[in-house]
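Now for the letters of each chain:
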Amino acid sequence: MEEQLVIESTHAGTRTVTPTLHRDATAKWFLISSVSYFFIVGMIALAIAAKFVWPELLGTVSILTYGRLRPLHVNGMLFGWLLACDMGLTFYFVPRLCGVRLWSEKLGLATAGLWNVIILGAVVELLAGHNQGLEYAELPMWLDILVVIAWVMYGTNILMTVATRKYQQMYVSLWYTMGTILWTPFVYLTGNFATLFATGVNQANLNWMYVHNAVGLIFTPVGLAIAYYFIPRASNAPLHSHRLSMIGFWSLAFVYVWTGAHHMLHGPISQWLQTIAIAFSVMLLIPVWTVVYNFFATMKGQWQLVRENVSLKFLMSGVVFYLLTCFQGPMHSLRTVNAIVSKTDWIPGHAHMALLGGFSFFAIAGTYYVLPRIYNTKLYSDTLANWSYWLFMIGGLGFFVCLWLGGFWQGWQWNNPSIPFIDTVTALKPIWMVRFFSGVLMFAGITAFLYNFMATILYAGAENETHA
Amino acid sequence: MLKKIDLDARLFVGAALALFFIGGTLTTVMPPLIDKSWGKPFENSDPSKGPTGKLLPYTAQEKKGLAIYTREGCWYCHTQQTRTLLADTKRSGWRGVDAPVSTPDEFVYDSPHMFGTKRTGPDLSHVGGKYDAQWHRTHFRNPRDLVPGSIMPPFPWIANNEEEFQALVAYLQRLGRAKNWRPDNDYEK
Numbered sequence: 001m002e003e004q005l006v007i008e009s010t011h012a013g014t015r016t017v018t019p020t021l022h023r024d025a026t027a028k029w030f031l032i033s034s035v036s037y038f039f040i041v042g043m044i045a046l047a048i049a050a051k052f053v054w055p056e057l058l059g060t061v062s063i064l065t066y067g068r069l070r071p072l073h074v075n076g077m078l079f080g081w082l083l084a085c086d087m088g089l090t091f092y093f094v095p096r097l098c099g100v101r102l103w104s105e106k107l108g109l110a111t112a113g114l115w116n117v118i119i120l121g122a123v124v125e126l127l128a129g130h131n132q133g134l135e136y137a138e139l140p141m142w143l144d145i146l147v148v149i150a151w152v153m154y155g156t157n158i159l160m161t162v163a164t165r166k167y168q169q170m171y172v173s174l175w176y177t178m179g180t181i182l183w184t185p186f187v188y189l190t191g192n193f194a195t196l197f198a199t200g201v202n203q204a205n206l207n208w209m210y211v212h213n214a215v216g217l218i219f220t221p222v223g224l225a226i227a228y229y230f231i232p233r234a235s236n237a238p239l240h241s242h243r244l245s246m247i248g249f250w251s252l253a254f255v256y257v258w259t260g261a262h263h264m265l266h267g268p269i270s271q272w273l274q275t276i277a278i279a280f281s282v283m284l285l286i287p288v289w290t291v292v293y294n295f296f297a298t299m300k301g302q303w304q305l306v307r308e309n310v311s312l313k314f315l316m317s318g319v320v321f322y323l324l325t326c327f328q329g330p331m332h333s334l335r336t337v338n339a340i341v342s343k344t345d346w347i348p349g350h351a352h353m354a355l356l357g358g359f360s361f362f363a364i365a366g367t368y369y370v371l372p373r374i375y376n377t378k379l380y381s382d383t384l385a386n387w388s389y390w391l392f393m394i395g396g397l398g399f400f401v402c403l404w405l406g407g408f409w410q411g412w413q414w415n416n417p418s419i420p421f422i423d424t425v426t427a428l429k430p431i432w433m434v435r436f437f438s439g440v441l442m443f444a445g446i447t448a449f450l451y452n453f454m455a456t457i458l459y460a461g462a463e464n465e466t467h468a
Numbered sequence: 001m002l003k004k005i006d007l008d009a010r011l012f013v014g015a016a017l018a019l020f021f022i023g024g025t026l027t028t029v030m031p032p033l034i035d036k037s038w039g040k041p042f043e044n045s046d047p048s049k050g051p052t053g054k055l056l057p058y059t060a061q062e063k064k065g066l067a068i069y070t071r072e073g074c075w076y077c078h079t080q081q082t083r084t085l086l087a088d089t090k091r092s093g094w095r096g097v098d099a100p101v102s103t104p105d106e107f108v109y110d111s112p113h114m115f116g117t118k119r120t121g122p123d124l125s126h127v128g129g130k131y132d133a134q135w136h137r138t139h140f141r142n143p144r145d146l147v148p149g150s151i152m153p154p155f156p157w158i159a160n161n162e163e164e165f166q167a168l169v170a171y172l173q174r175l176g177r178a179k180n181w182r183p184d185n186d187y188e189k
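Respectively, the protein sequence lines represent chains A and B. So the first sequence is numbered by the working numbering: it starts at 1 and just counts up by one. So the second sequence is numbered by the working numbering: it starts at 1 and just counts up by one.
It is possible that some hints are incorrect.
[As the list claims (entries may be wrong)] Subject to a maximum C-alpha distance of 25 Å in a straight line, what follows is the list of computed BS3-like cross-link-like pairs (lysine-lysine): (1) Lys64(B) to Lys118(B); (2) Lys4(B) to Lys166(A); (3) Lys36(B) to Lys130(B); (4) Lys378(A) to Lys429(A); (5) Lys90(B) to Lys54(B); (6) Lys429(A) to Lys118(B); (7) Lys64(B) to Lys3(B); (8) Lys166(A) to Lys54(B); (9) Lys49(B) to Lys64(B).
[Unchecked claim] Chain B residues, not near chain A, derived (Cβ > 10 Å throughout): (10) Glu43; (11) Pro47; (12) Ser48; (13) Lys90; (14) Val97; (15) Asp132; (16) Arg137; (17) Arg144; (18) Glu163; (19) Phe165; (20) Glu188.
[Said to hold, decoys possible] Selected chain A positions facing chain B (Cβ under 8 Å, derived; list incomplete): (21) Ser33; (22) Ser36; (23) Phe52; (24) Leu134; (25) Met178; (26) Leu206; (27) Met209; (28) Ile347.
Rather than coming from a laboratory, the hints here were simulated on the basis of the structure. These numbers come from a predicted model, not from an experiment. Note that CB positions come from ideal geometry on N, CA and C, so glycine has one too.
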């Protein structure tokens, strides 16, 4: 009975919608800018991967040194690509799940504009070396303030849309989106403002609380909101269990915030705090497994659809990567495993599987799904979309697997102090070479994605003109 | 309960924030109140309690060095923590003497903190006094001249800027020096 209701309200979205109800202008602008940044920042990603193999490359120009490009890569991908794309997708599905128009397209467009100002400001500031020195919180203060303003604008728009909704019951995607909107300001304020009033270990603890929850309470919930919306949509099947999705949501809300200190295991931070972080990290398996089980059960009997549907390909591969990454996380937080993998190349392998393999795959899937719908046309090329999937998949797997093997091996060598450090560097060069070429494949995937995206929009424009 | 929250947006908002704040305050606000060593600078004059020494605040020059270290992203490749692992104390050690494990009271004046997450290069928590200034200058000009196979980027714009170079070296030479851990006191300048 309960399940029934949800299916109805999710499906009602499309059924009652006439093409004129939703304008989607905000969604369009968020998607266009985010996909463009994906491409631009992808080039920076390639440059820093190349620097591991050819350290002299672009090396003597200060603005192109590794230490300036890396924060640009991380911030560009997190805020320019992923979060912007996620916001764009919520601007698409929140009004549909609520059965009403977006509260204000004007406010939405202003938010998209401001977001672009932030990203362009970040490029200039980070290349100039104006780095605050805290991971994920590198941006200087004036940009931090703009981010908060933009977030309030975004949150107001979405929450007001929910407040004026026609369907009383809220589908899980709405909760996860609302959770993201509510938690983000506090997580962001901790990482970017509270840290300024602390020093040393105290500051580091606030920093890790932020870093961990930027993933756990920003990218995870909005990513899951997208997966919860598009998996049933793309496969035309109702969600397996609404109750399970509730358990997943509330356990996530409770467990995530405790785990920040696991970034400093064995380090100079109180032992008991490390132990608390480990205990809660292991508990993270609960929200993850309930969510993933729900997705798989939804797909039961429908797996053949994955062959034909590129959105589903990205979605279900994303779910598998999400499961793997969230299995790794709790495992690294165990002291014995941590003693080997911590600080090695394993860690970027893990982080990329979460943000690229998991949440970026969800975002790409959502973009492929909504693009033809908001432009009222067909995707420019299904073949190209399929190519982009395989390029991402093979490149991504190459990247993750080589960094795990390499990282594990590196950690193993470090634990033998008779091996000089530099030998552990040269040993990894083949690994970094494979990582670079995997990056080339993924960048080809991004290029195919961008081309398909832009071509769809341009052809839609041309088509509408000939019709008119 | 779950069902009620499902239908009521206000109840939802309250519950989502409450759960967040329980974990949030217990893991960020409480710990420094309980563990005082997070905020009290290291000081020890009793050799029976371990290495002696005192953590001094940063000089203006060292502060400038920290700012350069931050600006150039050295901290993306170098950690500053000797962890409670045997290999760490040995690798940060010097001529057969193990480095002491890093403790919170050695980092009280650090902002931004430079603990780091990734060791593309070696840990620098006890690098103070390991090399002399000339070594650092050559190393910043081109690390491969001193360490073949290194993938550390060159930093000619620091090596060639006397003021910045001196500041950065002053900062590096201070690392790990609050505790007097090298028995012969043979630190390089």
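We went through each hint and held it up to the structure:
In summary, the hint linking Lys64(B) to Lys118(B) is supported, as the alpha carbons are separated by about 23 Å, within the 25 Å threshold. This hinted pair checks out: Lys4(B) and Lys166(A) have alpha carbons roughly 18 Å apart, not beyond 25 Å. A threshold of 25 Å between alpha carbons decides the hint, and for Lys36(B) with Lys130(B) the separation of about 31 Å lies outside it, so the pair is violated. The suggested pairing of Lys378(A) with Lys429(A) is violated, with an alpha-carbon distance near 44 Å, which exceeds 25 Å.
Only pairs whose Cα atoms come within 25 Å are accepted, and Lys90(B) paired with Lys54(B) is accepted, the gap being roughly 23 Å. As the CA atoms of Lys429(A) and Lys118(B) are separated by approximately 16 Å, the hinted pair is consistent with the 25 Å bound. Our distance criterion of 25 Å between C-alpha atoms is broken by Lys64(B) and Lys3(B), whose separation comes to about 57 Å. The straight-line distance between the Cα atoms of Lys166(A) and Lys54(B) is roughly 66 Å, outside the 25 Å bound, and the hint therefore fails.
Of the pairs offered as hints, the one joining Lys49(B) and Lys64(B) is violated, with about 33 Å between alpha carbons and a cut-off of 25 Å exceeded. The Cβ of Glu43(B) sits about 15 Å from the closest Cβ of chain A, beyond the 10 Å cut-off, so the non-interface label holds. Listed as outside the interface, Pro47(B) is consistent with that label: its C-beta sits roughly 22 Å from the nearest C-beta of chain A, beyond the 10 Å cut-off. Distance check on Ser48(B): its Cβ is at least 22 Å (rounded) from any Cβ of chain A, clearing the 10 Å threshold; non-interface status holds.
At the 10 Å boundary, the C-beta of Lys90(B) falls inside the reach of chain A, the nearest C-beta of that chain being 4 Å off. No beta-carbon of chain A comes within 10 Å of the beta-carbon of Val97(B); the shortest separation is about 13 Å. With a least CB separation of 19 Å from chain A, Asp132(B) remains clear of the 10 Å interface cut-off, as annotated. Look at Arg137(B): its CB is around 16 Å from the nearest CB on chain A, clear of 10 Å, so calling it non-interface holds up.
For Arg144(B), the non-interface assignment is contradicted: its Cβ lies about 8 Å from the closest Cβ of chain A, within the 10 Å cut-off. With a least beta-carbon separation of about 15 Å from chain A, Glu163(B) lies farther than 10 Å from that chain, consistent with its non-interface assignment. Separation of Phe165(B) from chain A is adequate, the least Cβ-Cβ distance of about 14 Å exceeding the 10 Å criterion. At the 10 Å boundary, the C-beta of Glu188(B) stays outside the reach of chain A, the nearest C-beta of that chain being 18 Å off.
Evaluation of the Ser33(A) hint against chain B yields a violated restraint, the C-beta minimum of about 26 Å exceeding 8 Å. With 8 Å as the threshold, the beta carbon of Ser36(A) stays out of range of chain B, its nearest partner Cβ sitting at about 25 Å, so the hint is violated. The criterion of a C-beta within 8 Å of any C-beta in chain B is met by Phe52(A), whose closest approach is roughly 6 Å, and the hint holds. Evaluation of the Leu134(A) hint against chain B yields a held restraint, the C-beta minimum of about 5 Å falling below 8 Å.
Nearest Cβ of chain B to the Cβ of Met178(A): about 7 Å, under the 8 Å cut. The hint holds. Checking Leu206(A) against chain B: minimum C-beta separation of about 6 Å stays under 8 Å; hint holds. Using the Cβ-Cβ criterion of 8 Å, the hint placing Met209(A) at the interface with chain B is satisfied: the shortest such distance is roughly 5 Å. Because the beta carbon of Ile347(A) sits about 6 Å from the nearest beta carbon in chain B, less than 8 Å, this interface hint is met.
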